[in-house]
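Read top to bottom, the protein sequences are chains A and B.
With the first letter of the first sequence counted as 1, position 362 gets the number 362 in this note's numbering; the numbers rise by one all the way through.
With the first letter of the second sequence counted as 1, position 156 gets the number 156 in this note's numbering; the numbers rise by one all the way through.
The set of hints was computed from the structure by calculation and includes no laboratory data.
Certain hints may be false.
To be verified - Distance windows between CB atoms, simulated:
no.: 1; chain 1: B; residue 1: 44; chain 2: A; residue 2: 628; range: 27 to 33 Å
no.: 2; chain 1: A; residue 1: 598; chain 2: B; residue 2: 196; range: 38 to 44 Å
no.: 3; chain 1: A; residue 1: 116; chain 2: B; residue 2: 46; range: 55 to 61 Å
no.: 4; chain 1: B; residue 1: 178; chain 2: A; residue 2: 75; range: 33 to 39 Å
no.: 5; chain 1: A; residue 1: 25; chain 2: B; residue 2: 41; range: 46 to 52 Å
no.: 6; chain 1: A; residue 1: 124; chain 2: B; residue 2: 47; range: 40 to 46 Å
no.: 7; chain 1: A; residue 1: 75; chain 2: B; residue 2: 119; range: 51 to 57 Å
no.: 8; chain 1: A; residue 1: 234; chain 2: B; residue 2: 84; range: 57 to 63 Å
Said to hold, decoys possible - Partial list, computed: chain A residues near chain B (C-beta under 8 Å):
no.: 9; residue: 4
no.: 10; residue: 5
no.: 11; residue: 6
no.: 12; residue: 27
no.: 13; residue: 29
no.: 14; residue: 36
no.: 15; residue: 38
no.: 16; residue: 109
Heads up, the beta-carbon is just placed ideally off N, CA and C, and yes, glycines get one too.
What follows is the residue order along each chain.
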Amino acid sequence: MPNQVTRRIYDFLKEVPPFTYVDDKEALMRVAGKAEVVYLPIGTVVFSPDERPPERFYVVKEGAIELLNVVGEAEQLVERCGEGDVFGIRPLLAEDNYRLLARAAEESLLYAINTKGFRELLGDYPGLTQYLATSMASANRSAATPPKVPVVTAPLVLGMSELQAVHRNREPVICPGTFRIVAAAKLMTEHNVGSIVVTDRSQHPVGIITDRDLRQKIATGIKSNQELVGAIMGKPVVCIGENVTAADAQIEMMKRGINHLVQTEDGTDQSPVTGVISKHDLLVLQGNNPAVLIREIGRAKSALYLRDLRGRGEQLLASYLEKEVSIAFITSVMKELNDEVIRKCIKLGLARMQADGRGNPPALFDWLALGSQGRGEQLLRTDQDNALIFEDVPEARYNTVKDYFLQLANYVTEYLQVVGFDYCPADMMASNPKWCLPVSKWKEQFSHWMAETTAENVLNTSIFFDFRGVWGDGSLPDKLTAHIFSELTGPSRRFLGSLAQAAIDNPSPLTFFRNFMVERSGEHKDQFDLKSRAMRPLTDAARVLMLEARQGGVNNTFRRFEALAKLEPQNASLYQDAAEAYEVLIRLRATIGLRRNDSGRFLKPEELGKIQRLLLRNSFTPVKDIQTLLGMRFQLNFLR
Amino acid sequence: MEGREWLEELKKMLSGRKKDFIDPQWPDWYRDYATKCMSNRRDDDLPIQQATIVVIDAETTGLDLKNDTLISLGGLKILGTTIFVNGHFEGYLPTPEKQEDKGAVAIHGILPHSSRYTYELEEELLVRLLAFLGTDAIIVGHHIGFDVEMINQALARQGGGPLKNRVIDTGKIAERLQPAGYWTPKDKFTLDSLASRYRIPLSDRHTALGDAYITAVLWLKLTARLREKMSRPLVLGDFV
Numbered sequence: 001m002p003n004q005v006t007r008r009i010y011d012f013l014k015e016v017p018p019f020t021y022v023d024d025k026e027a028l029m030r031v032a033g034k035a036e037v038v039y040l041p042i043g044t045v046v047f048s049p050d051e052r053p054p055e056r057f058y059v060v061k062e063g064a065i066e067l068l069n070v071v072g073e074a075e076q077l078v079e080r081c082g083e084g085d086v087f088g089i090r091p092l093l094a095e096d097n098y099r100l101l102a103r104a105a106e107e108s109l110l111y112a113i114n115t116k117g118f119r120e121l122l123g124d125y126p127g128l129t130q131y132l133a134t135s136m137a138s139a140n141r142s143a144a145t146p147p148k149v150p151v152v153t154a155p156l157v158l159g160m161s162e163l164q165a166v167h168r169n170r171e172p173v174i175c176p177g178t179f180r181i182v183a184a185a186k187l188m189t190e191h192n193v194g195s196i197v198v199t200d201r202s203q204h205p206v207g208i209i210t211d212r213d214l215r216q217k218i219a220t221g222i223k224s225n226q227e228l229v230g231a232i233m234g235k236p237v238v239c240i241g242e243n244v245t246a247a248d249a250q251i252e253m254m255k256r257g258i259n260h261l262v263q264t265e266d267g268t269d270q271s272p273v274t275g276v277i278s279k280h281d282l283l284v285l286q287g288n289n290p291a292v293l294i295r296e297i298g299r300a301k302s303a304l305y306l307r308d309l310r311g312r313g314e315q316l317l318a319s320y321l322e323k324e325v326s327i328a329f330i331t332s333v334m335k336e337l338n339d340e341v342i343r344k345c346i347k348l349g350l351a352r353m354q355a356d357g358r359g360n361p362p363a364l365f366d367w368l369a370l371g372s373q374g375r376g377e378q379l380l381r382t383d384q385d386n387a388l389i390f391e392d393v394p395e396a397r398y399n400t401v402k403d404y405f406l407q408l409a410n411y412v413t414e415y416l417q418v419v420g421f422d423y424c425p426a427d428m429m430a431s432n433p434k435w436c437l438p439v440s441k442w443k444e445q446f447s448h449w450m451a452e453t454t455a456e457n458v459l460n461t462s463i464f465f466d467f468r469g470v471w472g473d474g475s476l477p478d479k480l481t482a483h484i485f486s487e488l489t490g491p492s493r494r495f496l497g498s499l500a501q502a503a504i505d506n507p508s509p510l511t512f513f514r515n516f517m518v519e520r521s522g523e524h525k526d527q528f529d530l531k532s533r534a535m536r537p538l539t540d541a542a543r544v545l546m547l548e549a550r551q552g553g554v555n556n557t558f559r560r561f562e563a564l565a566k567l568e569p570q571n572a573s574l575y576q577d578a579a580e581a582y583e584v585l586i587r588l589r590a591t592i593g594l595r596r597n598d599s600g601r602f603l604k605p606e607e608l609g610k611i612q613r614l615l616l617r618n619s620f621t622p623v624k625d626i627q628t629l630l631g632m633r634f635q636l637n638f639l640r
Numbered sequence: 001m002e003g004r005e006w007l008e009e010l011k012k013m014l015s016g017r018k019k020d021f022i023d024p025q026w027p028d029w030y031r032d033y034a035t036k037c038m039s040n041r042r043d044d045d046l047p048i049q050q051a052t053i054v055v056i057d058a059e060t061t062g063l064d065l066k067n068d069t070l071i072s073l074g075g076l077k078i079l080g081t082t083i084f085v086n087g088h089f090e091g092y093l094p095t096p097e098k099q100e101d102k103g104a105v106a107i108h109g110i111l112p113h114s115s116r117y118t119y120e121l122e123e124e125l126l127v128r129l130l131a132f133l134g135t136d137a138i139i140v141g142h143h144i145g146f147d148v149e150m151i152n153q154a155l156a157r158q159g160g161g162p163l164k165n166r167v168i169d170t171g172k173i174a175e176r177l178q179p180a181g182y183w184t185p186k187d188k189f190t191l192d193s194l195a196s197r198y199r200i201p202l203s204d205r206h207t208a209l210g211d212a213y214i215t216a217v218l219w220l221k222l223t224a225r226l227r228e229k230m231s232r233p234l235v236l237g238d239f240v
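Here chain B stands alone, though its shape is the one from the complex:
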């Protein structure tokens, strides 16, 4: 391969991979999702009130992106200022055997193989998740980068590519509203401390759906304050 051709190919891979690249190796369900996402425009002017917001939260076996896995996912839809409890997303995965003795059980309280939950296969969960998200929903979550990365790892294990929805982190909004100084303790922007600052009851903490609900209320309270601060309706472009 000539050097120039190789460079073109590489350029195409890098620029196109995000939007236009369709890998024939992908499973149908992911290829379908990726294809639909190709028609999405990056609409910075869309008022946030009109956007479909999906708040998600993932519970995992731990914090190691390489070795830990998802054990449950919860999601709630928001339109405008209304949280729709009816159309919620909830799913559980069995804990992989090598992870069973880890300390995370103490945090999320999900016992491996507990009969309280209906487990499904990782692939099934992901298929349902992508269907729930749709292609134009905005994913919102608290320190959502980690959750998205865990989901992406799972998607990769199932032969697919990463999530393509736009992502907004409530932690970042909180920091914008009240920037951290050198005196600010680092844990000031955890979900717990923000919930207590914005008077959101911490019930069902560390269940995926419970955390998603707390985050959803946090999102509504934070955006109302940001809107007030900016004295105008918020648009998607405000959250780059």
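Okay, chain A solo, but in the shape it has when bound:
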């Protein structure tokens, strides 16, 4: 019987990351058995910068520890660790001295975990290493290369997803030729797989047994299950390399009339097995195929069916999020899906105008996506924000033309609403006469917004300045962009200053657990406003910095930061951090939104997992740094 104290420590550890990744009770019990319990009265220093770390790292059992960056006399709070948080993991991963000061902000009890016993576990549990790397990145923001969470980067080949790489999604199940058939079948059952690869001593494949072999040769009594696997295995095995596309695999299967391909290191049967691709794997890949979905959207004949298809898009999104596919890839796919839906709705609208006897559009026009869809960052079906721009027409025709486009926009927004994009409560839609304008009126409108920096205008700016043409002639949005940049050559400092001001108006909370900046009242009381506290400051900052740099054509927030990093090498690392933080926030919002089936904007602190909290907290630092940069660059302290 393990002693009660060790048992108690084990019970605590098994609930908190990174220990949650150790699912072997014995192993974790050994870790717990070596732990020490450290008591800290308030104000006690756990470690100081440049101190040599002992073979320990710490888990807060109760109380709170502050990690501080010490610059000369000044101390800067980096992180506040509450119950269940791990800190001081530097000795676990790196051979250098502590960088931060750790001090008890409250009377605290820590579990000190012996790194020696723990390090041995790292190899066995990849999730453990990943978590620790992520959590180290938070204390490491200023360091040159923060470790990144490894993500699967699916290659971006839109419309040609057959070229998507086939990921090896599980370890191949293998057995030696000395196995009896019954043992192999048990192994397959245990791993819940439909095939098993028979290998020689150096793990080169010599044969394969599939469910079909068992059905045809064993269940029918042709062979006994006591025979060796060689009696029924298929051979030689058809092998294929590791970096193959779905199309490669499909062609190979068709050519040979088989359902399983064995992946090996060099693609021949003279190297070790690395994976198995089944026809079923390919089917699943097809079902989760954005190109198929986009094609289907193009063929849809009703808004209701579009709604269905967009719902399937959401499943796709969920599977991407679950597989941790890179946000760059996810947003591109979802942007294409959304754009295709919008295009389809416009086409349906045009068809209806025809049916109404109103004929073809009387002038060139472009449909503009605004806000998050304009930036190409809309993952979930949130409110629609759109506008319509048409070419300048003679005064005499103006009313008829405008009337046509307003009616068209009415239909389109109605279809979009059916698909699941709710009407914009602030009526920022092309169906609003204010936002269905010819080029010259739009130019006037933008000039007005830039000249008069009222709060309302700044809000409009933040939505309208991210416009992007989705369907139409395609030339009109560029005219608007050119106009905006020509206006910026004038005395535009005040305009940019007010935009920058908006970006820093929502201070982001640095600490999270205890000083979580939640809404004080209203419907979302005690919830964290992810959009306005963390995402808005970043999108606003990216926009104003790009405007200042006279850069058009890049709408996506993290692409904007990447572009800025190239333009200002001296701030490159800050912009990179901001881009990464934004990706994290998008991912988090989409994950939460999908789970709750809403916009994911408001978070309850307690519904976040430990990793999510950690990632969210890490993203606050770049938010604050960007805000500081804006404050300095636009001298906002003087405006206040």
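Starting from the structure of chain A, add chain B where the hints point.
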């Protein structure tokens, strides 16, 4: 025997018995312990941070010093502000037959002859205990007087003398921090109420090691407060 000689002998017995007296009747293991303890000086100036603290707790068949016996002992070592779970002490004794039907089972939950525990002989347990304590460790416990007396009774049954380590009672420290008044209920200084006052979770209460752990955390929290109250590092002499 002359009266004077008798008096000298008696004086020697009384003063010397504690430190210098070595009884040839003692078993080797106890004589060894007692001999080593003779070289211990009473070091009142030793900072508490440098002392080896051993927190112990005993579970017994009851509260009668004469008739009740030990059934389990738990101990944890503390150096400075760190509790070392790795080097813990834990031991179980079979319940004597005449004690089996007593109500204490309901408190500590140790069933007589349960196969969950590895039992040892009283003498073996005591030998291990003295080895764990060493000679210079400070014994800390809650209302530790009783536990020490129970151990001493056991030591006597095995032919040895009493424990010689210095003993500190966490109950006394708690009273010093918040002296009892006539309005103070007597149970204010029980382990349970102190644990709840100092926010120590009461898990594994009434197992020897579980109680030792609670007491160990209590010790750390109490000494931190006492140190603050006295505005200086604590030394052994503060706990007379």
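Structure-based check of all given hints:
| no. | hint | verdict |
| --- | --- | --- |
| 1 | B/44 to A/628: 27 to 33 Å | violated, 56 Å |
| 2 | A/598 to B/196: 38 to 44 Å | holds, 42 Å |
| 3 | A/116 to B/46: 55 to 61 Å | violated, 31 Å |
| 4 | B/178 to A/75: 33 to 39 Å | holds, 34 Å |
| 5 | A/25 to B/41: 46 to 52 Å | holds, 47 Å |
| 6 | A/124 to B/47: 40 to 46 Å | holds, 43 Å |
| 7 | A/75 to B/119: 51 to 57 Å | holds, 55 Å |
| 8 | A/234 to B/84: 57 to 63 Å | holds, 59 Å |
| 9 | 4 | holds, 4 Å |
| 10 | 5 | holds, 5 Å |
| 11 | 6 | holds, 6 Å |
| 12 | 27 | violated, 16 Å |
| 13 | 29 | violated, 12 Å |
| 14 | 36 | holds, 5 Å |
| 15 | 38 | holds, 5 Å |
| 16 | 109 | holds, 7 Å |
Figure legend: structure checked against the earlier numbered hints; hints not met, in rising order: 1, 3, 12 and 13.
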